[in-house]
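A.B. asks: Protein sequences appear in the order of chains B and W.
Going by the working numbering, the first residue of the first sequence is number 1, and it counts up by one from there.
Going by the working numbering, the first residue of the second sequence is number 1, and it counts up by one from there.
The hints are simulated quantities; they were obtained by calculation from the structure and are not laboratory data.
Glycine included, each C-beta is placed from N, C-alpha and C at the ideal position.
Careful, some of the hints might be misleading.
[Stated by the list, open to error] Each pair of labels, with its calculated beta carbon distance range:
| # | chain 1 | residue 1 | chain 2 | residue 2 | range |
| --- | --- | --- | --- | --- | --- |
| 1 | W | Thr115 | B | Gly16 | 32 to 40 Å |
| 2 | W | Val253 | B | Phe23 | 39 to 47 Å |
| 3 | B | Phe31 | W | Phe231 | 43 to 51 Å |
| 4 | B | Trp115 | W | Pro105 | 51 to 59 Å |
| 5 | W | Pro105 | B | Gly16 | 40 to 48 Å |
[What the hints assert, rightly or not] One-sided excerpt, in silico: chain W residues whose CB lies under 7 Å from chain B:
| # | residue |
| --- | --- |
| 6 | Pro2 |
| 7 | Leu3 |
| 8 | Phe13 |
| 9 | Ala18 |
| 10 | Pro21 |
| 11 | Ala22 |
| 12 | Arg75 |
| 13 | Val84 |
| 14 | Val89 |
| 15 | Val93 |
| 16 | Val98 |
| 17 | Pro108 |
| 18 | Leu112 |
| 19 | Leu113 |
| 20 | Ser240 |
[What the hints assert, rightly or not] With a straight-line Cα cutoff of 30 Å, these simulated DSSO-like cross-link-like pairs (lysine-lysine) come out:
| # | chain 1 | residue 1 | chain 2 | residue 2 |
| --- | --- | --- | --- | --- |
| 21 | W | Lys209 | W | Lys35 |
| 22 | B | Lys140 | W | Lys35 |
| 23 | W | Lys209 | B | Lys140 |
| 24 | B | Lys140 | B | Lys230 |
| 25 | W | Lys209 | B | Lys230 |
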Amino acid sequence: MTFRVSRHLARVGRPGLRALGRFLREAPALFVALPFLALAGFTFLAAFTPTANLNRGEVGPFTLENLRLAWSSADFPRLYLNTTLFVFGLLLVQLFTVTTAGFALAQLSGAAQNWTFHAILLQLFLPASALILPNFLTLKALGLTDTLTGLALPYVASATGAFLLRQGFRQIPRELIEAAVMDGATPWQVMARVLLPLVRPHLAAFSLVSLVYHWNEFLWPLVVVQSPEKRVLSLGFASFTRSAESGMEWGLIAAGAILVGAPMLLAFALFQRAFVESFARSGLKG
Amino acid sequence: MPLWTWLLPTGIFLLAFAYLPALRIALEGFPALPKLLSGENLNSLRVTLLYTLLTVPLSVLLGLLSALALEGNSRFRQFLRALVFHPVVLPTVAFAAVFLYLLNPLGPLQGLLHTLGLPNPLGDPLGAFLAVVAVGVLKDMGIYMLFYLAGLQNLPKEVLDAARVDGAGPATTFFHVTWPLLSPITFFVGVMAALGALRNVDHIFVLTKGGPVGATDHLLYRVYTLGFEYFDFPSAAALSLALLTLLTLLALVALPRLERGVHYDV
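The shape of chain B in the complex, shown without the other chains (with noise of 0.2 Å):
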């Protein structure tokens, strides 16, 4: 009723109800958006805001002073690296895995095929989380504790990405490749030449799900990884916000959560519109 109102205000003719039309309009997408606006809002003011004053319940003057700071406190660049390290170093070897099953899944016909499916699916409700006790047991007889390498092993096979590509491979035409095995190309020449350029965009959306997942990663880490050299960005952050909470040091720890969570809004600031649309796409998370 009242969209029908609203749009109605809209088009008649005098400024100010037309005005009032859009408003109403656009209510219920503010209302929806309120929270959030006011969460990134008071992170964004207090990162800015001496803690002192926060302490007061003031928000400004404005300094850099938070953000110079967090970022000396702990050892930022170490963390950034690390995990940049953890989470292309894994995506890359995680891009072989989910082609290859991807492509099996594709093939395979009949029983076989529902067969490794459901197994795989089944994936899905083994999540590595609620593993992280035996996983870390294998580590340890591996003796890969403490190593991003170690970190980065229960996550090697992906049940979501397996799938994607599956679908991926599926909407290919199999004429496709008949002509191009006619033409004399290799397994291996097919494969790089008419297959992986069609799965490109299946690819790229699991790989934007995989780097926000492990790069937002928390309790595995903490499970794995002992030396503070070797901590990826959450795990320094959380032990960052436990000394700065002692000493509410509020500033600090909204100015930690900005240095954190940058690197991946800023991305998802520049490809929303890729970001968004694989996401959506994908389907599976996870």
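Put chain W on the given structure of chain B with help from the hints.
C.D. replies: Structure of chain W alone, referenced to chain B:
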């Protein structure tokens, strides 16, 4: 090269880091199951069930409502959608730390709650539980909104037009046309939300550490504290088994239908 060799890289790693570990939990957790019957363990089972039962419907419903409110492609809507989505790309520990600031005794949200005559949530068992639920919901609803936005865009226009021609109002159209057509998405999003509720506990580490008096002692959080702080591996294995049982129940409900969903829509 035979086809099955292509499955080896994934197969080996799934075996080593998913199926065998799950089996190991089942074997090692089972003898310790009687330990599960202690008050604290039962409490964390109850907390986990309540947390799941609250966050799943709330985040799905709020995801749907925000998708309905933020449909359309104006620049302004895109900006608002980015706002709702931003916690998804933020590490949970950072998002939760913001709440630590908002809820500190001199923080803005705490001030608001105080004027309403409410206690500091983080010091109160019910308040802390609700705070953890709220942070979990706010963190994840953006991604569910996205799935619903995609679903709304793909609704068949003819059906909606037919409803309008038949004189259906917005409410009738929603409940009789839109909602039933979105049901596959609701199912999928609901499964994702339930999985998330059982496995995402990062905000508990920052906000409440399981307290006060065990009010937010989620199973997975307790697995971590028992296993890696007290090194009581048998108890941790028994609790992991409880968690895996919940996940298995979810899988039994979801797998057959998810498969259909994956066949037809993704």
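A.B. asks: Taking the hints in turn, state whether each one holds.
C.D. replies: Status of the hints after comparison with the structure:
no. : hint                               : in the structure
1   : W:Thr115 with B:Gly16: 32 to 40 Å  : holds, 34 Å
2   : W:Val253 with B:Phe23: 39 to 47 Å  : holds, 44 Å
3   : B:Phe31 with W:Phe231: 43 to 51 Å  : holds, 49 Å
4   : B:Trp115 with W:Pro105: 51 to 59 Å : holds, 58 Å
5   : W:Pro105 with B:Gly16: 40 to 48 Å  : holds, 44 Å
6   : Pro2                               : violated, 10 Å
7   : Leu3                               : holds, 5 Å
8   : Phe13                              : holds, 4 Å
9   : Ala18                              : holds, 5 Å
10  : Pro21                              : holds, 4 Å
11  : Ala22                              : holds, 5 Å
12  : Arg75                              : violated, 11 Å
13  : Val84                              : holds, 5 Å
14  : Val89                              : holds, 4 Å
15  : Val93                              : holds, 5 Å
16  : Val98                              : holds, 5 Å
17  : Pro108                             : holds, 6 Å
18  : Leu112                             : violated, 10 Å
19  : Leu113                             : violated, 14 Å
20  : Ser240                             : holds, 5 Å
21  : W:Lys209 with W:Lys35              : holds, 22 Å
22  : B:Lys140 with W:Lys35              : holds, 26 Å
23  : W:Lys209 with B:Lys140             : holds, 26 Å
24  : B:Lys140 with B:Lys230             : holds, 16 Å
25  : W:Lys209 with B:Lys230             : holds, 24 Å
Checked against the numbered hints given earlier, the structure breaks hints 6, 12, 18, 19 and satisfies all the rest.
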